[in-house]
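**Student:** Sequence:
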Amino acid sequence: MSLPSRLSCGAGLAAAGAALLAAAPAAVATRATVTAKVTPQNAPPGKPLTLAVRATLAPDRPGQSMTLAEADVRFPADVTLNRRLFPVCSAATINAANGSFKRCPAGSRVGSGTFRADVPAADAFNVPGRLTLFNGGEGEVTVHAFAENPVLVSEAFETRLVRTSGRFGYRLIIQVPYRLQEIAEDWFVELRTISFSAGATTTVRGRTRGLIEAGRWSGVVPFAASFSFLRESAPVTVNGLLDWR
Numbered sequence: 007m008s009l010p011s012r013l014s015c016g017a018g019l020a021a022a023g024a025a026l027l028a029a030a031p032a033a034v035a036t037r038a039t040v041t042a043k044v045t046p047q048n049a050p051p052g053k054p055l056t057l058a059v060r061a062t063l064a065p066d067r068p069g070q071s072m073t074l075a076e077a078d079v080r081f082p083a084d085v086t087l088n089r090r091l092f093p094v095c096s097a098a099t100i101n102a103a104n105g106s107f108k109r110c111p112a113g114s115r116v117g118s119g120t121f122r123a124d125v126p127a128a129d130a131f132n133v134p135g136r137l138t139l140f141n142g143g144e145g146e147v148t149v150h151a152f153a154e155n156p157v158l159v160s161e162a163f164e165t166r167l168v169r170t171s172g173r174f175g176y177r178l179i180i181q182v183p184y185r186l187q188e189i190a191e192d193w194f195v196e197l198r199t200i201s202f203s204a205g206a207t208t209t210v211r212g213r214t215r216g217l218i219e220a221g222r223w224s225g226v227v228p229f230a231a232s233f234s235f236l237r238e239s240a241p242v243t244v245n246g247l248l249d250w251r
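Per this note's numbering, numbering through the sequence shown is continuous, rising by one, with the last residue being 251.
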C-alpha cells in the first residue's frame with residue numbers, strides 16, 4: 007500500500023513544480039552594444055598596444071531589473087600578453103589599505119576606466135564611477151571600483167584572464183561581487199555604460215615591452231562579450247570586430 011502513496015506524493019510534487027514554473031516570469035531581453043579598438047593601429051608584430059573597450063547596457067522595457075552579475079569578454083588569439091614582466095597588486099592589498107593604491111608596486115597599474123550606473127531604489131541615476139586595473143599575476147586582473155553616490159563604494163576584486171582555443175585566444179571573466187550588486191539593503195546597481203583601456207609598458211634590457219603586444223593580424227579580427235544578470239533580464243551576447251587598422 008505504500009507504493010501508491012509514494013506515487014501520489016510524487017505526482018503532487020510534480021504538479022506543484024509545474025505550477026511554480028508556469029507562474030515564474032520569463033526573462034526579459036536586454037539590449038547591449040560593445041566596441042573594441044587597439045592603438046596604435048596597423049601595429050607591426052611585437053609593438054606594445056593599448057586596448058580600449060566600451061559597452062552599453064539598456065533595458066528592453068521601463069522598470070526592468072538588470073543588475074550585472076557576470077561578464078565574459080573574448081579577445082583574439084594573435085596578441086602576446088606579458089603579465090610576468092609587470093609587478094602584481096592584489097585585491098587583498100588594496101582592500102587592506104581601504105582602497106588606497108599606496109601599497110601597490112610601481113608599474114603594477116595597467117589600465118583605467120569609467121562607468122555610469124543607476125540605482126533606482128535610491129532614486130540615483132547616471133551615477134559616475136571609476137575603475138583602476140592592476141596586474142593581478144598569472145591568470146588574474148585586479149579591478150578597483152569607486153563611486154560616491156548614493157553610498158561610498160570602494161572595492162577591489164579579482165577577474166580571471168585565461169587562455170582559450172578556437173576562434174578566440176583569451177577570455178576575461180568578470181564575476182561581479184555581490185556586495186557591488188546590492189550596495190545597501192534593496193539598493194541594486196544597474197550598469198549602463200562602462201569604458202576601460204588596458205595597456206602598459208616597461209623596459210627590459212633596453213627594449214620597450216608591452217603588457218599587450220601586437221601579433222600577425224590580417225583581415226577581420228573577431229571579439230565577443232556576454233553579460234549575465236542577477237534577475238529578470240536574460241543573458242545577452244554581442245559579437246563584433248576589433249578595430250585594429
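The hints are simulated quantities; they were obtained by calculation from the structure and are not laboratory data.
Check before you lean on any hint, since a few could be wrong.
Beta-carbon label-pair distances, calculated as ranges [to be verified]:
1. Thr45 - Gly212: 22 to 28 Å
2. Pro183 - Thr214: 16 to 22 Å
3. Arg166 - Ala112: 20 to 26 Å
4. Leu247 - Asn104: 37 to 43 Å
5. Gly172 - Gly212: 35 to 41 Å
6. Thr45 - Gln70: 22 to 28 Å
7. Asp129 - Thr45: 27 to 33 Å
8. Glu191 - Leu91: 39 to 45 Å
9. Thr45 - Arg177: 38 to 44 Å
10. Ala112 - Val226: 19 to 25 Å
A virtual CB, placed ideally from N, CA and C, is assigned to each residue, including glycine.
**Student:** Just pull the numbers of the violated hints for me, sorted ascending.
**Tutor:** Result: hints 2, 6, 7, 9 and 10 break, sorted rising.
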